[in-house]
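Trainee: What follows is each chain in one-letter form.
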Amino acid sequence: MRSANIPNSLGKFTGHALDQMQNRGIISPSAVMDAIKNPVRITLGNTPNTFVYFSNNSFKVITNNFGDVISVISQ
Amino acid sequence: MILQGDIGRLELDFLTRKEYGTNNFWEENWLYTLVKATFPGFIVRFHCNVRTDDLQRWHDDLAKFIDNELSSITLTSLEECISLIFIKNGIEDTKVAGVITDTELTGCSVKFTLHCDMSIIVNFRVELHNILMQFPIIGTP
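Chain order of the listed sequences is A and B.
The first sequence lines up with residues 100 to 174 when you count with the working numbering.
The second sequence lines up with residues 301 to 441 when you count with the working numbering.
Extracted from the complex, chain A is given alone in its bound form (with noise of 0.2 Å):
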């Protein structure tokens, strides 16, 4: 069950959230998406009004609390 902090709907993808998904060659967004609504695991980020989505593959979605893609980075 989500937290009511979590956002349930998503947002854009910021740039360098963008930047970074080419630099581990995630190329389609939609594995990102995949991530968001079925994470293995999700918990705060490291800046206040982020989360941090855990997927089954090998990398990890940034969120803020609109829902918007932060950065994808390495699990």
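Think of the hints as simulated: they come from the structure by calculation, not from any bench.
Using N, Cα and C, we set each Cβ at its ideal position, and we do this for glycine too.
Hints may contain errors.
[Claimed, not checked] Using 20 Å as the maximum straight-line C-alpha spacing, the simulated SDA-like pairs for lysine to any residue come out as follows: (1) Lys111/A to Thr440/B; (2) Lys364/B to Leu384/B; (3) Lys111/A to Glu327/B; (4) Lys111/A to Gly321/B; (5) Lys411/B to Lys318/B; (6) Lys111/A to Phe158/A; (7) Lys395/B to His359/B; (8) Lys111/A to Thr322/B; (9) Lys318/B to Ile135/A; (10) Lys318/B to Arg123/A; (11) Lys411/B to Ser154/A; (12) Lys318/B to Lys395/B; (13) Lys411/B to Gly341/B; (14) Lys111/A to Ser383/B; (15) Lys111/A to Glu319/B; (16) Lys111/A to Asp167/A; (17) Lys318/B to Phe112/A; (18) Lys364/B to Leu117/A; (19) Lys364/B to Pro147/A; (20) Lys111/A to Asn389/B; (21) Lys411/B to Ile343/B; (22) Lys318/B to Thr146/A; (23) Lys111/A to Ile135/A; (24) Lys318/B to Ser154/A; (25) Lys111/A to Ser154/A; (26) Lys364/B to Glu427/B; (27) Lys318/B to Leu117/A; (28) Lys364/B to Thr146/A; (29) Lys395/B to Glu311/B; (30) Lys364/B to Gly341/B; (31) Lys364/B to Asn389/B; (32) Lys411/B to Leu117/A; (33) Lys318/B to Gln121/A; (34) Lys111/A to Lys364/B; (35) Lys111/A to Asn324/B.
[Said to hold, decoys possible] Among chain A residues calculated to face chain B with C-beta under 7 Å, some are: (36) Thr113; (37) Gly114; (38) His115; (39) Leu117; (40) Asn145.
Keeping the supplied structure of chain A fixed, place chain B upon it in accordance with the hints.
Mentor: This is chain B only, laid out in the frame that chain A set:
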């Protein structure tokens, strides 16, 4: 920005903003950063991205740490490339337990523990203040 410890040093060079001209909090506050570190047996050098709002939190927490309002603080970056735990260890000594990770390329991490004089921590904060003057936070979340 240099953290010189008893057995090694960590240096963070904040080179430039990654994006200009959007006025967007989540786009403009990334700093392209060069991490350099020297520990016995290791010379580390890699690039990563650190946010200015993270640096502001580091600065504010360091101020409380130096003023003895907090006995330990944790400074972490959003993309998890830098994690530093400062713990007071006596009157003048500070233990710094850190992990630096090359999140951009290799994923390799180095864990280290340094002991620093409080004057080093004060200088670290002053350097952080100067960096924030050079790269202020743009926009609001």
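Trainee: Okay, which hints does this one fail, numbers in order?
Mentor: 5, 9, 11, 12, 14, 18, 20, 24, 30, 32, 34 and 39
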